[in-house]
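S.K.: Residues per chain, in single letters:
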Amino acid sequence: MKEYQTITEISGPLVFAEVDEPIGYDEIVEIETPNGDTKRGQVLESSSGLVAIQVFEGTEGIDRKSSVRFLGETLKMPVTEDLLGRVLDGSGQPIDGGPEIVPDDRHDIVGAAINPYAREYPQEFIQTGVSAIDGMNTLIRGQKLPIFSGSGLPHNDLALQIARQASVPEEEEGDDDEGSEFAVIFGAMGITAEEANEFMDDFERTGALERSVVFMNLADDPAVERTVTPRMALTTAEYLAFEKGYHVLVILTDMTNYCEALREIGAAREEVPGRRGYPGYMYTDLAQLYERAGRIEGREGSVTQLPILTMPGDDDTHPIPDLTGYITEGQIYIDRDLNSQGIEPPIDVLPSLSRLMDDGIGEGFTREDHEDVANQLFAAYARGEDLRDLVNIVGREALSELDNKYLDFADRFETEFVDQGSETNRSIEETLGIGWDLLGGLPKQELNRIDEEFIETYYPEDAESETAEEVAAD
Amino acid sequence: MSQATETDAVREDGVIESVSGPVVTATDLDARMNDVVYVGDEGLMGEVIEIEGNLTTLQVYEETSNVAPGEPVENTGEPLSVDLGPGMLDSIYDGVQRPLAVLEDQMGAFLDRGVDAPGIDLEKTWEFEPTVEEGDDVAPGDIVGTVPETESIEHKVMVPPDYEGGEVVSVDGGNFAVTETVVELDNGEEIQMRQEWPVREARPAKEKETPRTPLVSGQRILDGLFPIAKGGTAAIPGPFGSGKTVTQHQLAKWADADIVVYVGCGERGNEMTEVIDDFPELEDPMTGKPLMSRTCLIANTSNMPVAARESCVYTGITIAEYYRDMGYDVALMADSTSRWAEAMREISSRLEEMPGEEGYPAYLAARLSEFYERAGKFRNLNGSEGSVSAIGAVSPPGGDFSEPVTQNTLRIVKTFWALDADLAERRHFPSINWNESYSLYTDQLDPWYVENVDENFPDRRQWAVDVLDEEGELQEIVQLVGKDALPEDQQLTLEVARYIRESWLQQNAFHDVDTFCSPEKTYAMLGAIETFNDEAFDALEAGVPVEEIQDIDAAPRLNRMGVQDDWEEYISDLEDSIAEQLREKY
Chain A
131 MKEYQTITEI
141 SGPLVFAEVD
151 EPIGYDEIVE
161 IETPNGDTKR
171 GQVLESSSGL
181 VAIQVFEGTE
191 GIDRKSSVRF
201 LGETLKMPVT
211 EDLLGRVLDG
221 SGQPIDGGPE
231 IVPDDRHDIV
241 GAAINPYARE
251 YPQEFIQTGV
261 SAIDGMNTLI
271 RGQKLPIFSG
281 SGLPHNDLAL
291 QIARQASVPE
301 EEEGDDDEGS
311 EFAVIFGAMG
321 ITAEEANEFM
331 DDFERTGALE
341 RSVVFMNLAD
351 DPAVERTVTP
361 RMALTTAEYL
371 AFEKGYHVLV
381 ILTDMTNYCE
391 ALREIGAARE
401 EVPGRRGYPG
411 YMYTDLAQLY
421 ERAGRIEGRE
431 GSVTQLPILT
441 MPGDDDTHPI
451 PDLTGYITEG
461 QIYIDRDLNS
471 QGIEPPIDVL
481 PSLSRLMDDG
491 IGEGFTREDH
501 EDVANQLFAA
511 YARGEDLRDL
521 VNIVGREALS
531 ELDNKYLDFA
541 DRFETEFVDQ
551 GSETNRSIEE
561 TLGIGWDLLG
571 GLPKQELNRI
581 DEEFIETYYP
591 EDAESETAEE
601 VAAD
Chain B
217 MSQATETDAV
227 REDGVIESVS
237 GPVVTATDLD
247 ARMNDVVYVG
257 DEGLMGEVIE
267 IEGNLTTLQV
277 YEETSNVAPG
287 EPVENTGEPL
297 SVDLGPGMLD
307 SIYDGVQRPL
317 AVLEDQMGAF
327 LDRGVDAPGI
337 DLEKTWEFEP
347 TVEEGDDVAP
357 GDIVGTVPET
367 ESIEHKVMVP
377 PDYEGGEVVS
387 VDGGNFAVTE
397 TVVELDNGEE
407 IQMRQEWPVR
417 EARPAKEKET
427 PRTPLVSGQR
437 ILDGLFPIAK
447 GGTAAIPGPF
457 GSGKTVTQHQ
467 LAKWADADIV
477 VYVGCGERGN
487 EMTEVIDDFP
497 ELEDPMTGKP
507 LMSRTCLIAN
517 TSNMPVAARE
527 SCVYTGITIA
537 EYYRDMGYDV
547 ALMADSTSRW
557 AEAMREISSR
567 LEEMPGEEGY
577 PAYLAARLSE
587 FYERAGKFRN
597 LNGSEGSVSA
607 IGAVSPPGGD
617 FSEPVTQNTL
627 RIVKTFWALD
637 ADLAERRHFP
647 SINWNESYSL
657 YTDQLDPWYV
667 ENVDENFPDR
677 RQWAVDVLDE
687 EGELQEIVQL
697 VGKDALPEDQ
707 QLTLEVARYI
717 RESWLQQNAF
727 HDVDTFCSPE
737 KTYAMLGAIE
747 TFNDEAFDAL
757 EAGVPVEEIQ
767 DIDAAPRLNR
777 MGVQDDWEEY
787 ISDLEDSIAE
797 QLREKY
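Protein sequences, first through last, are from chains A and B. Under my numbering, residue 604 is the last one in the first sequence; the count climbs by one each step, no gaps. Under my numbering, residue 802 is the last one in the second sequence; the count climbs by one each step, no gaps.
Bear in mind the hints are in silico, worked out from the structure with no lab data behind them. Some clues are possibly wrong.
To be verified - Cross-link-like lysine-lysine pairs, in silico, BS3-like; alpha carbons within 30 angstroms at most:
# : chain 1 : residue 1 : chain 2 : residue 2
1 : A       : K535      : B       : K699
2 : B       : K801      : A       : K535
3 : B       : K424      : A       : K574
4 : B       : K505      : A       : K574
I would like the entire structure built from these sequences, with the hints used as guidance.
M.R.: So this is what it looks like as C-alpha cells:
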C-alpha cells in the first residue's frame, strides 16, 4: 500500500490527487490530515496519473500536504448477527459505547442485482394494524413501499407504528416460516437529533432495539456520508435476510436528504445536471437502493423496504418522489389536510397504491372479500370526494339523497376507517368489518364492485333495512 | 450475447486510461464504432461508443467497481450481436441476451460480473427437417428447413440475409446442435440453425406494406375504441401507478400475435418475477398452449447496469424481426422506453456531450424513430408476410406529457393510449383516458371488423364515442349546477354514458373471465348498452320519468356482463328484460 502526498486540488467534498500506480474505481481511500485525523473517502473517477476522491467525512482540515492511502478494495460492511441491538454511525462505526464488532464476513456495500429469475414473487401479507394500509394498500413481504410525506407531517409516527405492529397473521405463518425472526434496520440520513431521539426512545420503550440495527447520520454529519448510509443498511439487511433467514424491515429516512447529497457531489464534480440540478444518473442510483428488496427462491428471509421521503413543497412531480414512484411498488401519501383535521395517521388512500396488493390478498391470504371491498371503498370515497367540490358551490340541500349518502360515507371513511390513532393495532378482520359497516350506509345496488355472494354474506342487514326505508320514504 | 466469433477475430488489445462509472476510456485500442470489447482483468463486456484520436470511449454493461487504469481491453472486432436460432422462445434474457437461468446456475441468486453465456444453448440438439433438396437454388432469407421449437411454434431455418445464396450441394435431416452445418451451398456457404445479427441494424425485408388486420388484444377499450394493427406502433404514456405495466402484461398475455417479445427495460425486479412465474401457467386463449411457448422475455431491471438497459430494446426488436422473417406476426412490448431514453441520457452526460432538451441527447428523436420504424408489416426476403407490432410504455416525469420522450414518441406512433392518474385513483382500470387517446388505424381496420365481427361495428363504435363526448360536455355543467338541474334526456345520456364507462370500458385484469374479452363479446356488450339506450329514450318519450327508467332491476345487470363466461345467453336475456321492464312502464 502506497502513501501519497500529492493532493492537487480540494473542492467541496472532492479531493484530487496524483498517483503513479493504477487505482481501482470505487476504491476506498484514507486521508490523514496534518493534525492526525483520518478521513475516509472513495474513488469517483480514476485515470492514469490522477484520481478524484469523494471524502465522506467532509474535507475540512485537509491540506495539500495531507497523505492519501489507497486501501486496494471497495467499501465493505462488516456483517454479523451480533449487529442486532447496536447503534452505528452513518458509515458503520459503533457509537453506542458497546464492544467492538467482530464480523462474520465483510460484504461489498454496492450490492449486486438479484437475478430476476432467482427471485420469488412476494405474496405474503404483512399486517401493519393500520386500516388505511392493510385494507386499501396492503404491504407485502419483500415489497418496497415508500411513504410520501412533507415537512412537518407525522410520517415518523407512522413508520414507528408499522415497525411496532407489523406481524404476519398466525394462520399464514405456516411451517416453512418456523424460526424466521423479524428484524428492523433503521437507516437515518440527515435527520435532526430530535427526530433521532424520537426513534430511539420508541425503540427502547417497546424493546424493539434488540432486534434492530440503527445507522445514524444526523443533520450535522457530513452530507457525503449519506450516500453510504443506506448501502450499509441494505447490505446488513441482505445479510440478515438471505443468509440468516430474518424477515427484515428496512426504514430509510429521509431519502430527500440522500438525494440532496447526490446533487452536492454532482455539482462538485461539475457534471451536466439533470432535472432541477439533480444528477442524470439519479434514477439508476435510487434503483440500486430500492431494488435491494424482495425474496429469493429457496431462502427463508425477506427484505421489505419502507423509505420515507419529504416532498419539497408537497409536490409529487418533484424529481425525488417522481423517480422513486417509478421504481417502488406503490406509495403511501401522507396528507396535510387530513393531518390538520386531526386524522391519525393522515393517509390519503386515493393516490396511495400498493402494486403487490392484488396477489397477496383474498382467500388464503387475508379474506375472500378483501379485494372487492377495497375496490368499492376506493370508488365510493372517490365519488364522495368529488361531491365535496360540488357541495361547496350548491350546498348539500341541492344534492340528491344518494349523493348525500356518499358525502356521509366520505366523512365517516376518514373519521372511522382512516383515523385510528397511533396506538391502535387493528386486525385485518376488524379493518374489513369497519369497511362493511361504512358500506352499509350505501344502498345495496350501489355496490357494483362486490361479488353478489359477498354482499349476501357480509352486508350489514340492519343497515340495509334502514337504507331501504329511507329510500322508500324519499 | 453472441460468442462464436470472439476467439477468431480478436484484434489488438488496448489499455484502460480512465474509469468513471459505466464509462471507460482506453488507449491504443484498434476498434471500430460499436465493436464489443472485454474490459479489465475480469473481462467485463462493453461497447465502443466514441473514438477520438488514440482514445476510445467504451460503455460497460457491468458494474465497474475496482476496475483500474492500466488493465487490458480486448476487442472482439464484432458489433453487439444476438444469437438467433431455436431455443429463444420460453427463454429469459438480460439486456445483452445472456440467459438468466444459466447465469443463476453459474453464479447464484445475485448477478456477478464477468460471466458470459451464449444466447442459445450451443450443445442442445434439435430435430431439423429440410424443406430443400440438393440442386435447389436458394437466395438470402429463403427457408431451408424447419425445427419444432415449442409446442406452438415451428422454427424456420433461413439462409442468413448477408449470405449470397446459391445451389444446395448437400443437405442433412435429423438431430443437430445449432452450430452444426445442415445445408451447404455451391459457393461454399454453410448454413447452420444458428445465425448472428448485429442488434443496431434492422434485418432487411423486401418491402413495407400497409397493415390491415388488427392485433386483437382482448381488451375492450383497445379493440373497441382504439385498435392497433398487426405491424402497427403504439405508445402507452402514463404517470406511475396508472397501470402501464398491467396494460403491457395484458397485451403480452392476450394479444393474438404468433410470437411475443416482452422487454422489461428498467422494470422492477418483483414485477419481472411475476411475469416469469405467471406466464408458464397461462394458456394462450387462441391455441390453448402455454403462453411461454410463444414468448421471449428480456429482463433488465432498473438496478442492472445502465448500458445494458440502453441495448435491451435493440436486442428485443432484433429477435422480433428474426421471427417476422419466418412469416410470423410478432408483438413487441417495451416497458418502459423512458428508461431506455434515460439510459441514453445518462451515458451521454458521462460523455459530456452537449445536452438537448431536458438533458436528453440531441439524437433522442432520431433513436426513437429508428426503433419504431423497425416495426411494421413486411413482405420478407423469402416472399412470406410477417409483422412486428411495437408497443412502448412511456413514463413521463410527473405525468407531464409535454416532456421530450412522450412528445418525440407521439410524432412517430399511430396509436396513443393515454393513461390517466385520476381514473387510476378511482380504480377505473384500464385507466385509459377515452378523450385523449386515439388510433389512426381505425379506418384501415374497419373492413376487417365489418367482415369478421359485424357490419355494424364501426357505427356502434361511433355511437359510443358520441355518447362519451356528450357526457364530457355535460359533466362540465354538472360540476357547476348538479345533475338534477339537467333536462331529463341529458340525465339519461349521463346514465347511458356511465354504463359505457363502468360496464364496458372498465375491465378487470385480475378476473378469470373478464381479463380476456373477444371482439364479438366486446361488440355484444356495447350492443346491450345501446339497447338500454334506445329503449330508455323510447320510454322517456312516452312520458316515463327518468328516475323510474334508471331504477329498473335489469339495468345494473349490465355491470356484470364482463364476468359472464356464457355471455351470449346472458346478454340476450338481459336485452329482453330491459325491453320488457321499460315497456311495462308505458
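S.K.: It remains to establish, for every hint, whether it holds in the given structure.
M.R.: Going through the hints against the structure:
1. A:K535 <-> B:K699: Status holds; Cα separation ~15 angstroms.
2. B:K801 <-> A:K535: Roughly 28 angstroms between the alpha carbons, so the hint for K801 (chain B) and K535 (chain A) holds.
3. B:K424 <-> A:K574: Violated, because 56 angstroms separates the two Cα atoms, which is more than 30 angstroms.
4. B:K505 <-> A:K574: violated (41 angstroms)
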